Every structure is written in C-alpha cells, then in structure tokens.
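Join the two chains, each given in its own frame, into one complex according to the hints.
Here is how the chains run, residue by residue.
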Amino acid sequence: MKHVLVCKVENKPGVLNRISSLFRRRLYNIDSLTVSPTENPAVSRMTIVVDATRTDARIVERNLYKLVNTIEVKDVTDLPAVKRDLALIKVHTNPDTRSEVLNLVDIFRGKVVDVAPSSVIIELTGEVKKIDSFIEVLKEFGIAELVRTGLVAMERGRSDKEVPAVAAAQQVNI
Amino acid sequence: MQQTGAEILWECLLREGVDVVFGYPGGAILPAYDTMTQYDIRHVLVRHEQGATHAADGYARATGKAGVVVATSGPGATNLVTGLANAMMDSIPLIAITGQVAKGVIGSDAFQETDVTGVTLPVTKHNYIVTDVRELASTIREAFHIARTGRPGPVLVDIPKDVQLDRTGFHYPDDPIELPGYRPRTIVPKADFERAIELINGAQRPVVLAGHGIIMSGAVAELRGLVEKADIPVALTLLGIGGLPASHRLCAGMMGMHGEAAVNHAIQEADLLIALGMRFDDRVTGNLKTYAPGAHKIHIDIDPSELNKNVKVDVGIIGDVREVLRELLPHVEKADRSLWLARIDTWLAATRERDILHHDPQGKLWTAHVIVDLWKATAGNAIIVSDVGQHQMWEAQYYRHEEPRSLITSGGLGTMGFALPAAIGAKIGRPDAEVWVIAGDGGFQMTLGELGTVVQEKLPLRIAIINNGFLGMVRQWQEFFYERRYSATPLVNPDFCKLAEAYGIAAFRVDRREDVIPAALRAREVNGPALLNFVVESADSVYPMVPSGADLADMIRRPSQPKAQEVHE
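These protein sequence lines are chains A and B, in that order.
Numbering-wise (my numbering), the first sequence opens with residue 1 and increments by one.
Numbering-wise (my numbering), the second sequence opens with residue 1 and increments by one.
Don't take each hint at face value.
Unchecked claim - What follows is a list of derived Cβ distance ranges for each label pair:
no.: 1; chain 1: A; residue 1: 158; chain 2: B; residue 2: 75; range: 54 to 60 Å
no.: 2; chain 1: B; residue 1: 115; chain 2: A; residue 2: 27; range: 56 to 62 Å
no.: 3; chain 1: B; residue 1: 167; chain 2: A; residue 2: 35; range: 34 to 40 Å
no.: 4; chain 1: B; residue 1: 115; chain 2: A; residue 2: 35; range: 42 to 48 Å
no.: 5; chain 1: B; residue 1: 112; chain 2: A; residue 2: 13; range: 47 to 53 Å
no.: 6; chain 1: A; residue 1: 13; chain 2: B; residue 2: 495; range: 51 to 57 Å
no.: 7; chain 1: B; residue 1: 2; chain 2: A; residue 2: 2; range: 52 to 58 Å
no.: 8; chain 1: A; residue 1: 54; chain 2: B; residue 2: 111; range: 40 to 46 Å
no.: 9; chain 1: A; residue 1: 147; chain 2: B; residue 2: 112; range: 52 to 58 Å
Unchecked claim - Mimicking DSS-like on lysine-lysine, the simulated pairs with C-alpha atoms at most 25 Å apart in a straight line are:
no.: 10; chain 1: A; residue 1: 66; chain 2: B; residue 2: 312
no.: 11; chain 1: A; residue 1: 129; chain 2: A; residue 2: 90
no.: 12; chain 1: A; residue 1: 2; chain 2: B; residue 2: 312
no.: 13; chain 1: B; residue 1: 309; chain 2: A; residue 2: 2
no.: 14; chain 1: A; residue 1: 66; chain 2: B; residue 2: 190
no.: 15; chain 1: B; residue 1: 309; chain 2: A; residue 2: 66
no.: 16; chain 1: A; residue 1: 66; chain 2: B; residue 2: 65
Calculated directly from the structure, the hints in this document are not laboratory data.
All figures in this text were calculated on a predicted structure; none of them were measured in a lab.
Glycine included, C-beta positions come from ideal geometry on N, C-alpha and C.
For reference, chain B alone in the conformation it holds in the complex (with noise of 0.2 Å):
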C-alpha cells in the first residue's frame, strides 16, 4: 500500500517505540502534523521550539529513552539550535524532525527557508535531508540508531514540504544497520587492560572519577561492584551524581569548581584517577598541568576523542563503561584502603564545618538553606531539574541525590532557561515520580512561557524559583574577579507568583527559612502545578571556588561566620 511521507514518518516512530513528541506547528510541517492524529502519538505542544528540544532532551535523561521534537522550517528549526547545542554537550540521545521548504524551491531563499541541515552541523552527531521518499524511513531508522549508541547525541532529520506528501510503498526493515563509517564497538587491547588491573591492584591511594557515562549507560551496579570491592572513594561530576548514593560510605562528593574542598583534595593527593565516562572538563580539572600531578590515570570512555585530549592518561579504554567494569571486576583484588578513607574523612569533617553555611538564619533566607529543606520535604525522592548558576550548584551540593536520574541539569553547555521546559518532559517520561524545577530567576524568565505548557498538559510540577534578584553567578565573578562592578547583572523581576496565578498555577511566597519546608509540604498537596517564589539574600556565593584555570587545590573558601549552624542537622 501506498503511504504518504508524512504517513511514513509517524510509523517510523511508532516502530522506534516513540509515544510522545515535544513540538510546534507551522507551513512547512503541516503534512506531517494534518496526519499525527491518526496515530498513537502524544504531542506535547510548546510555547518555543528551544522548549521543545529541552523538553525531549528532560524526558531522555529521565528514561533513557531517546526524545524526539518536531518543529517546521526555519525560525521553528533555529529555534532548535540552543537545545541541540545542549543536548550534543550532554551526550543525549535526541531526533528532531524539521520541515523544509518544497525541493523545488530549496536555494531560492523561499519563505522561511533556512539551511537547518548547515546550520545545525556542528551541534548534532549527524543530520539528514530527505530528497527522496523512498529513502525516509531508512534515514529515520538510521538517524535512532546513531542518536541511541556508542556516545549518544541529538540527531536531526529534514524533511522537505514535498516528500511529507509523495507517496510510496512503505517497508521498516529489520535487518541489523551498516553504516560504513559508524562502528562504535568495544576493543580493548589486552596489554591496556592488564596494565589497568595492575594499576587499580597496585594503587595507595585511588579516587574513581565517576560521570554522566556511568548514567548512561547503566554502569551503577558495577560501579558500586568495582569500589566496594577494591575500598575506593569515588568523586562525581555534576552529570555523574546519581551514579553512586550519596550516602554510600565511599562517596565523596562532586569535584571540580564547586565540588568538595575535600574532595579536590583527594584528586591531587591520589596515586591514580579512575575516570569512568567523564570527559576531563576544565570545569573539574582546573589547571591541567598541575592536575593530580603525582598520579596514575586510566581513562574509560566510549568516544576515543576523548581519550588524551585534555589530560595524558597512563592507560585508555576504550568502550562501553559498563561492559568494561564486567569484565575488570573480576580481576580487580578485594582490598582494604581505610589508611586513604580515613584521610579523606578528616578533609571532609574539616571541609563541611567550613563550607556548609553558617549562615544565622533568622530574619534571612539563604539559598543552601532551602536546598536543604527541599532535600528534607521531599525526603530526597524527587527528581530535581536545576537550571544554570548558583543554585545549580548549591542544589548539588546539598541535595542528596541516592538514585540515578534524579538529577536534570545542563552541564556541558550550561544553558539557562533549560529546567522548565526539561522538566516538562522528565515528568512525561516519569509520570509517577515528584518532579521539581529549582531555577534561579534569570534562568526561569529565559522560557517561562513553558509554564502555559505546564498548564495545558496538566502537569503537577513543582516549581521553585531561587529569586536573589539578580543575575548570582555572574555576581559572584564580578564580587571575586572584577571588583564588585556589578555590571547588567541586578535584575528588576515581576510578581512571580501573580504571574503563576494568571496561569492558573498555585504560588507561594517565601521568605523565611522557618516557612520553606511547611511551603514545600502545602506545595506538595496541590493538585496541579505549584509555584514556590523563595526571595532569598542576593549577597551569598557559592563555595569553595577553584578560580578559572587555577589549581584545583587552590580554592576560594567560605570566609568563617559568626554563628555557625550545622546546615544538614
């Protein structure tokens, strides 16, 4: 039987187990969207495309699953831009089908005609233009599998006006794909391999390196396999935390700029650097020539670009992390390192009491203070979406997070304006969990449009707003680096929560520290999406902070307070 391209598309999906789209209408997609309702397809409409890809790529890094957006040709495609910028920094498994103007009048600069595929180049793992129907689902099956495996990224598919409506006979095949130029697979040479086993056996004092690849690819049970076995203290990106329990005996903590003084600490003291699926951002690295100078590092990563490209590693795997720990573990010996515990233990004592806030809460509200009750109310079982800035990393540092995937947050790309709309499709793909937005208020007004999306779908998210009234982060560098020229940073902000009720969204104001877990409680009662505005001190920075490019020992500490207060008890 004949099928239109637009037909043709929709099978595809369904065949790939799609069953929810985030996107938006318009000219050049219009066949494609006149034919959806006719299959069994969620489309969640937003407010912008950039809502649409952080909605997909939310709703991939809360299942697993790859997200997928539909937008129409030009502005609705480079709308696409930041959130595949996104999602290719973050390695997350994404398709976005784009409308293109008709073949015929391609290059001729047509109503919203944009070079999506030219454009889009250097922030997708691949991209496609369909010119022949006969070849569009075996483009989309494709584009699945490149967007699903080795290291996972968005993938971005074309589709002129005129293919969605030729027609010809459709077939999915299910032989297995060849791509002559896409072989990711795992080879690791015996000699590196034994020569990792002889490092790990060997090592004094070894800190595993744990990120976003853990994650990824389902490497928890082995990771928590390889250091309970070989007694290691693991240290965790921003994108790694959920890899380990935070309460796990051997978790140290995140590392990098605003990571643990402790355990910053521990990298640059180590014998050897296990670095499992991470990628040696200078974010955590600091300084590279001075990086954990007195140690061994082996690397295991499944993307061989990356494998010496920032720091020189006595010995790279490359592969599937998880199918790497398989099959080290068994000859990894059982040991007993408490010597190296313990003196991470006594940093970490000494650490906390200086950087966990002392802050004197009456009278004032501090942003680690709601963290921390947040943490509290929800008994640390919500899956929290942080946006981008201070209370990005504050939220790292004081949410405990036991559980995989229950942090959402853009690391590589640093995108304010991603955790509203991420959200949006966390809670989709995780309909039964308790989803939370923790955004500052720069961050929230980038796509607070989304909240109509929120509305629309009927979505109980809860929604809590760090408002400082101001831009934090950047204010921290310009207190620390620029002398305290505060330059376009002060922020002049609605009424957040009339703008929540104008949506129909309950809102509450907070003020007082006293009042955040009671807040948090009445929130969680709502039947439908709650909004918490906390108005929280603007003179507050997040520390420690190893200064950009500077040694990651050599960190800015929390100058002592008064009045100190165990944040955590």
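Okay, chain A solo, but in the shape it has when bound (with noise of 0.2 Å):
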C-alpha cells in the first residue's frame, strides 16, 4: 500500500540530504519524493511517497519527526486530500496517426505543448492512476520521452468545527 507523507521542512542547506539519508539508512522505500517552496521562505514542502507494505508508515513518520529540521509531517493517505502528479509525454506521430493521439489528448484532457514533425509532447495534470493508463495507451504509438514531477498533495479545506479523528491523533507524534 502507498502511503503519502507531506512534510514540511526548514529550508537549509542539506536538508533533503537528511531526509533522504533517513530513508536510505532505514531502508524505506521510496515511489517519489518532491520538494518545493512554500508560501513561508523559511519553510519547504515535500511530497513523499512511501511504500507501506515493507514499511509501516507511522514508523517513517515518527523517524522524520526525529529530525530537528522536520517541522510537520501528515500521513495524508486516508485524509481529504487533492493529489496531484504532472506528466511530459513525447509521442511519435505521423500524418496517419496524429490526429488519433490528438483525440486521446481531448479524452484525458491533456494538453499539447510542443508539436515537431514525428512527435508531439503531451502535458497531463491528474491522479496517478489516470496518468497511468494514459501512458498506457500512448505505447503502442510509441514513447520517445516521459518525465513525472511525482505526487504532490494537499489536503482539502474544512470547516472549523470538524477535526479529524486521525488528524488529532497524529498531533501526538511529536
């Protein structure tokens, strides 16, 4: 099972060498981990994906939390969240079958962003699964190039009165 961590930081140097030495030590594995800024120049955001099955998640949790740089860190797996993942996707084409790649672009509702003579590139915004099976049906046109960025989340906007028992029980991890 994924689970995914969104993890603020404080933005120093050597950071995320941190981070990813703690994974690397304890032997987590890791599906995709981002890092960006914030609306706090102090603080940056991580995204990271972890897989649960070789891993219990609440033990990476607490072993992020055992970094003096880690501020915050939310399993937001089973929470309210939008996740996201970003997708560039190099296609060969020709005159016979742009059009047909053209249409699946409309069906994902993707976007073109650069088109060359034999290929065109693709820009999908989406859940993982959609750009999944995305991918899956740009193959047998034949993919010259494919970038992710990885999952980012965040978790959905709520009204003040209701908490979430999870979340309430997760402040206790510090």
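This is the structure in structure tokens:
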C-alpha cells in the first residue's frame, strides 16, 4: 500500500540530504519525492510517497519527526486531499496517427505543448492512476521520452468545526 | 567588543558549564587551540581522536553532563566517527567541535578536507557547519540544547578555520530556544494513561523492564517507588544496571542474551511487561515472534520512534520516564505479589546453582572468579568501566552494582576499545570515585595508546586486563555455532606488565585465584595508575546464552561441573 506523507521542513542547506539519508539508512522505499518552496520562505514542503507494504508508515513518520529540521509530517493517505502528478510525454507521430493521438489528449484532458514533424509533447496533470492509464494507451504509438514530477498532495479545506479523528491522533507524534 | 570565532567558541562553552574538553589539535582547529589557554577550561590531550569521543562519553555517563570533544578537520574528524556512533546508539549527550578548512577552499579537496557533516550525518543526533561567525554563538547554544534534551545524543559543530578568525560582537542569548522542528515533550493521552494503570493494577505476573532511560532521566527513586508499592520484580538491561540496587529484594537481574536464566523465564511467563526507558533491542528480546507471548505490554519512552518499532505494545506512552512515573505512581495500587515473586525466586535459586561458575579454582584462574573478587576487593563501590566481549557480560553478571552510573559500558554499538578512554573521562568527571577499567586483551589493545593520556593527566585508574589470549566472545560463537573453527581469534600479546612499566605504570601479573584479592588491594594502594594482568583460562564461555534469533527461554546452559563451588560465597 502506498502512503503519502506531506512533510514541512526548514528551508536550510542539506535538509533534503538528511531526509533521503534517513530513507536510505533504514531501508525505507521511496516511490517518489518532490520538494518545493511554500508560502513561507523559511519552509520547504516535501511530498513523499512510501511503499508501506514493507515499512510501517507510522514508523517512517516518527523517524522523520526525529530530524531536527522537520517541522510537521502528515500522512494524508486516508484524509480528504487533492493528489496530483504531472507528466510530460513525447510521443512519436506521423500524419496517419497524429489525429488519433490528439483525440486521446482531448479525452484525457491533456494539453499539447509542443508539435514537431514526427512527435508531439503532451502535458497531463491528474491523479496517478489517470496518468498511468494515459501512458498505457499511448504506448502503441511509441513513447520517445517521459518525465513525471511525482505526486504532490494537499489536504482539502474543511469547516472549523470538524476535526478528523485521524488528524487529532497524529498530533501526538512529536 | 569584537571577538574572534575562536574566542566566542570558548566563551560559549564556559556559559554552557563546560570545564573540561577532550581533544587533539591540528591545522584547521589551531585558532581555537591558540586562544584556549586564556580560558578556565581543562584540555585533556588524548592519543587518538577516537579516545577523545570515548572519554567525553565516559565523562557524560559518569556525571550526567554533556561531554565535549575537539578535533581538527579531515582525519581528526573522521577518527571521531566510531565514538559518535557509540554515543548515538547509547543516547549520550556529546558535543563535537571540529575544525574545517577555510570556507573559500571547501569543496576543492583541500589538504585535510573531509565532508564531516556528510560523514557524521547518520551517527549524530544533529550536526552543523557554521559559515558565518555571527551564527556561531547561537549554533553552539542550539547544539547543547539538542544534545541534552529529549532523547540525548551527540551533536557535531564543524567550524571552518576562517570563521574561527573572523570577528563579531559576542552576545550569548538567554531567551528560551525555539526550534520549529524540535519540540521534545511529554504528551500522555488520558486514555493511554488510564489503560496503563488498569493493566498494572490488574496484573498477576508483571515484570518491569528497566533500561538506560531510568538512569539518564534520574528516575531511580521513582522506579523504586513504583515497584515497591506494587511489588513488581525488575529486570534490567545492560545499560539499566544500577537503576535498582542489585541487593534490592525486587531486583531480579539482567535480561537478554546473557541475562539471568530466571529473568528470561519470568519475562516469558509474565502477563504484563512494563518497559521503562528501554528499546527492546534484539539482544534483550531474542525471537520477536515468541517474545513474552502472554504479556500485555506498556512501553514508556521519550523517543516516539521506539514505540512499536520492535515489539507491538498495548500502551505506548511518550515522555520522560521520570515525569511519567511520577504521574502514574499515585494511581498504582499497593499490592502483594509474593506468589509471583516466590516463583521467580525458585527459578533464581535453581539457575544460580547452575549458571554461576562451578569451576575448581585450584591452579586455574577463571574470569568469573576475577570479577567476583574485584567486587569484594572494592566493596562493590567502584565505578566499573568495562569493554566489550565476554568479560563485559561476566562483569554484568557478577559485579553487583548498587548505584546508578556505577557501570559504564558500550551497549548498543558494542565498541571494543571503549573502556580505557571512557574511564579517563569518568575519572575526570568523578575524581573522588574509585574507577576501574575491566577490559579484554583484545579490546584493550585497540586503544592502549591512551595509557599515555592516563599518565600525562596523572589519573589513578585501576586497569584490569582479562587476558585469555583470545577474542573470547568471537571464540565462544565459533565454539557454539561454527564447529570450533577458531578463525582469527587467537591473540599473540605483548607482556602487558612490561608495557605498563614502560609508561611508568605499576603492574601486577595474577594467574591464581588466591592472588586476585591481594593484588587488587595492592593496586588500590598505588599512588597513581595501576595495571593488573589477569591471565585467565581461555576455554570458557558465558552462560546462559540465548542464540541470536532464538526464543528467549531457549538458552544454552552451562554444562554441570563436578566440583561445585558457589562463587558468591
């Protein structure tokens, strides 16, 4: 089972190294890891997808907390959250196949961002599964190049009254 | 007034209450050494930087204060790694200050440049490189804060040479330290707390598992309060020894691979384990699948990542074990568990009969005899600093420790060579205490250069070498599990007495049981350090032994010997 951890860390040199070193040292499997700035310049945000069939995600979470530069960790796997992946896919095309490819782009609500005589680059954003299946259908045309950002996630907004039980329990993990 | 980084470093250490550092100078740390003499701080010059980390570690274990190490860049800093890893595993508060090449040449493979923060990342609780002298004071302060609080550990601060020479105004902040990602604190959800009390009050066959956390958090009185009120027997981890006096009626002894057989049986038969400041290391649990199968488990520890790591527990309480015990105690009911205690006593009587050496002392010297006699000669009052291996286990079994911080030993990492330098730190931290090193002939030779430090610092250490001409514990594993193929375990040793004499250290060779106590008593009278070379039998094994990964109750027991003699008599 994949677990999605949203991790806020201090924006300081070497912090990514500390996080990745922790995963290496304890043999935790990372499926994807993204890092980016946030609304606060002192804080960076990581979305880490771990394979929790081999590692208890709670143990990963607690070990992340042990790092001095880790401010907050939240396992959003079972929380209402927006989860997105972005892919750029360069597909081989020729006059015979181009319209069929463009048709698929429409169905998947992708965007063509570059057109060349024998290929197009498609940008697609969405849930991981959607991108997986899009890649699957493009395979018959021949994929020249593929890049994905890895998952990013954000918890959905909620009214002030409801505090999900899971989130309350997680606050203990300092 | 403007001060240099080097001056600021020492000013900070003084404000953190440091009066001794263990170190070794070199190019990149020279500015710091140059100004050191102006400050009221004792510097202990070791013979190898590993010795400095162990000395600071021993100092910290003996006093409860943070130990401080100073080393230069490159090889000086890489030599710290073993000692840092050792302190990390056993949660010892340590500050390592390392020089680094000047900022301008970092990354250019300059002379004696090593990526020290990179190298030490996994073996420190946290580390820093200071690239701006204006951040030096706050960094040192944070380093001490992190090393001492929560689950303690080593923190390294790497200071480039030019930062030691740069000048800035010195101001030591005194406001509370706020680190956004570091907030160790005790949070006990009420439900967990109530469940713990319910389990304790309802247990028929409870056992307390007391670890290093009891000693580090100063919870000795609280532990005693709990177990006396609720009449619960206590099993100790290696590092928990001294957490309850060995002579206490509820102290059952050490648990685990070489623990008392009776204690391991009690754990397997228990209906409740109360784990206090310990981490269910594989050396104390044996096979996790069959560990204490009938027991509910309560785990109280300051490190959240330890809960449910190895053993799944019914109640996990995150917090300082002393604070948590203080909260628990009023709710724990007074109880009489004499039936359960009597059962453990029966096992104890039977296993002591069998496990305590039944060797004939005539003409031969056995390590267990040496340890028991040293216990007698020191009236059980010494601080013992043991090394790693067979002698360490025999020490834990046969030297009866009554006080916390009276046994200093490398637990989690099992670092051979720890004892001699750690004893230097312990003696400096507790100058009035009688400090003994007990080391095997293998481990002693890993750091024997520190004899020079002992002499230079005029430290009256008592050094007992358990000399069996073998790497004994490895030999034992080869005997039990590798069909007696003694691959690379026999040692050809120097004459340890002559070696000691070369350093001007008084030395005695002992190879008969009847000479152990007189020699120990003579060594205690020496004005200065003394070394005792105990030449013991090599064909000897530590019993009982839970083979690695076996069930805790599945112990290899000492084959019975024809001539029985009770060692403790």
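For this session: Return the numbers of the hints above that this structure violates; sort them in rising order.
Result: Going through the list in order, the structure violates hints 2, 4, 5 and 9 and respects the others.
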